[in-house]
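From first to last, the protein sequence lines are chains A and B. Each position in the first sequence, counted from 1, maps to that position plus 8 in my numbering. Each position in the second sequence, counted from 1, maps to that position plus 790 in my numbering.
Read the hints as simulated data drawn from the structure, not as lab findings. Just so it is clear, CB atoms sit at the ideal spot from N, CA and C, and this is done for glycine as well. Where hints are given, some of them may not hold.
Simulated coverage check for chain A against chain B, where a stretch passes if three residues somewhere in it have a Cβ under 8 Å from a Cβ of chain B [what the hints assert, rightly or not]: (1) 62 to 71; (2) 131 to 144; (3) 148 to 161.
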Amino acid sequence: MRIEVRHLARIEGHAHLVVDLERSELAGCRLEIVESPRFFEAMLQGRHFSDVAPIVARICGVCSHSHTLASLAATEAALGVTVSKQTRRLRRLLLFGETLQSHLLQLYFMAVPDYLGVGSLFPLAHSRRDLVARALRLKKLGNDLCHVVGGRPVHPVTPCVGGFAALPEAAALQELRRRLVAALPDLEETVDLFSSFPVPDFARGTEYVCLDGDGGYPADGATLCSSDGPRVPVAAYATAIREYLTPHSTAKFARWSRPSYTVGPLARLKNAFAQLSPMARQVAGALGLDAGAVNPYLALMARLVEVVHGVEEAIHLIDAILLAGLRPEPLPEAAGGGAGAAAVEAPRGVLFHAYAYDEEGRLERADCVIPTAQNLGNIEADLRALVPTLLDLPREELTRRLEMLVRAYDPCISCSTHLLKVEFV
Amino acid sequence: MSFRIIGVGNPLMGDDGVGIAAVGRLAARPLPEGVEVIDGGTGGLTLLELMEGAAAVVLIDAVEMGLAPGAVARFIAEEVRMEGGVGLSLHQAGLAEVFALGRAMGLLPPRVVIFGVQPATVERRIGLSPAVEAALAEVVERVLAEVAA
Numbered sequence: 009m010r011i012e013v014r015h016l017a018r019i020e021g022h023a024h025l026v027v028d029l030e031r032s033e034l035a036g037c038r039l040e041i042v043e044s045p046r047f048f049e050a051m052l053q054g055r056h057f058s059d060v061a062p063i064v065a066r067i068c069g070v071c072s073h074s075h076t077l078a079s080l081a082a083t084e085a086a087l088g089v090t091v092s093k094q095t096r097r098l099r100r101l102l103l104f105g106e107t108l109q110s111h112l113l114q115l116y117f118m119a120v121p122d123y124l125g126v127g128s129l130f131p132l133a134h135s136r137r138d139l140v141a142r143a144l145r146l147k148k149l150g151n152d153l154c155h156v157v158g159g160r161p162v163h164p165v166t167p168c169v170g171g172f173a174a175l176p177e178a179a180a181l182q183e184l185r186r187r188l189v190a191a192l193p194d195l196e197e198t199v200d201l202f203s204s205f206p207v208p209d210f211a212r213g214t215e216y217v218c219l220d221g222d223g224g225y226p227a228d229g230a231t232l233c234s235s236d237g238p239r240v241p242v243a244a245y246a247t248a249i250r251e252y253l254t255p256h257s258t259a260k261f262a263r264w265s266r267p268s269y270t271v272g273p274l275a276r277l278k279n280a281f282a283q284l285s286p287m288a289r290q291v292a293g294a295l296g297l298d299a300g301a302v303n304p305y306l307a308l309m310a311r312l313v314e315v316v317h318g319v320e321e322a323i324h325l326i327d328a329i330l331l332a333g334l335r336p337e338p339l340p341e342a343a344g345g346g347a348g349a350a351a352v353e354a355p356r357g358v359l360f361h362a363y364a365y366d367e368e369g370r371l372e373r374a375d376c377v378i379p380t381a382q383n384l385g386n387i388e389a390d391l392r393a394l395v396p397t398l399l400d401l402p403r404e405e406l407t408r409r410l411e412m413l414v415r416a417y418d419p420c421i422s423c424s425t426h427l428l429k430v431e432f433v
Numbered sequence: 791m792s793f794r795i796i797g798v799g800n801p802l803m804g805d806d807g808v809g810i811a812a813v814g815r816l817a818a819r820p821l822p823e824g825v826e827v828i829d830g831g832t833g834g835l836t837l838l839e840l841m842e843g844a845a846a847v848v849l850i851d852a853v854e855m856g857l858a859p860g861a862v863a864r865f866i867a868e869e870v871r872m873e874g875g876v877g878l879s880l881h882q883a884g885l886a887e888v889f890a891l892g893r894a895m896g897l898l899p900p901r902v903v904i905f906g907v908q909p910a911t912v913e914r915r916i917g918l919s920p921a922v923e924a925a926l927a928e929v930v931e932r933v934l935a936e937v938a939a
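One chain only, chain A, in its complex shape (with noise of 0.2 Å):
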């Protein structure tokens, strides 16, 4: 007997999953999420560096902030440019915004149906108003918070090669504090809600990667870092980083150490657990979590308690921008060719964007790697182990816990388009 899942729910993109239940195996896993950048890879070609971000900006509608900073960083290492403490300071509240963007709703939208038990989040809306209402105010705080500092609340438009073309105002910022500190009521109401989930368990250690947060959580940086050990410059990654194929999928696969790694929430938390924040490090244990995590399903959590971080840190960069005093900076020169690449931590994991310019500053080469095509391969070794502890399982129940292992690590397409179509009736 079978069990076929075609086009998994409350994910990005389409994932069908086949297990072959007399042989007790997983017979099949597949992905179809994550061949799409390499098409954009070829429209950036023969475009000039200040064109490159804006495009990749438009990639993908929930990571846009991510790519237009990981594309930025890669821009001004290719060009040499180095970037002021201001600047540092914004892009890596930026990258928090978006982090409490993505969690907030992959969280409420995508994981909160299935230990409530309802197909979607739209019953809730009559059933639990107030939890949807909460779940609208929280996203509502991460997208303002990318609007004040980015320019909009999605797709960037202040970050550009060597700084920001526009600065956010300190009143903004000052009530984006206030809102900060006023949303942990909320916060709080998460983590009750979150605690009495049941995670399903199920243990399987892996390789996980993120990068070095050199000292703070990683969000940012120059190196990246395995928990089997080895550390490897940005620079570098493709040196250590391997894509392969594999005969059952049409998708391309990362190796470092190990046939696969892990990145991600739990990846960051699991290596960086003492850059928590003093409050996301309780906010961990009351979610079961701490630095020694193997079950993948507490991804989950991790996100929920880098939430909290994110918060909490997010108040602390304000504090050090205004304290600064928000200055207009002159951008730095940039011209001429060379190569260049950088990462930074989206809400999924590590991106890279690597880029080589000719000396009128065009575009040669793209190169970039998402974090859902990192983790494919360990998402099928997780199924490939799980499916054989749970074949006792009722057929539904074994389906749904297949399904939330899935949607534990957010895997998203990372390009898209959602034509509206319509009837007229």
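Model the placement of chain B on the given structure of chain A, informed by the hints.
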């Protein structure tokens, strides 16, 4: 009274970017006081926030209507049966999902008018097809008339 004109879509996906191109043109036109032009991109559910609190909203988007490429249609959500995007993921939710949630939570503005443009092709490409490019002028004039009304 705030009036918002919001273009949605992805300019890297050919004609899916028509809403973005249209608001680009509208932003360069003189507009009555209280009218705001917004590039909504592919923000999904964020669109709900972009609309929330407005007295009236005009949305411009590429819409598969089974018409000739470049055809422009004006409608309100209640006049159509919507099918949006891939499922109800709400990650990068389509308009259909945004309307469903907005309606359930009572967050939709009292007046939301959609200007749909029939795409010729939606594929990975920067730039509009000739038919849709030619429709931009009509979209801009009709939206301006809507705002003035």
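Comparing the hints with the structure gives:
no.	hint	result
1	62 to 71	holds (count 6)
2	131 to 144	holds (count 6)
3	148 to 161	holds (count 4)
Hint compliance for this structure: every hint is met.
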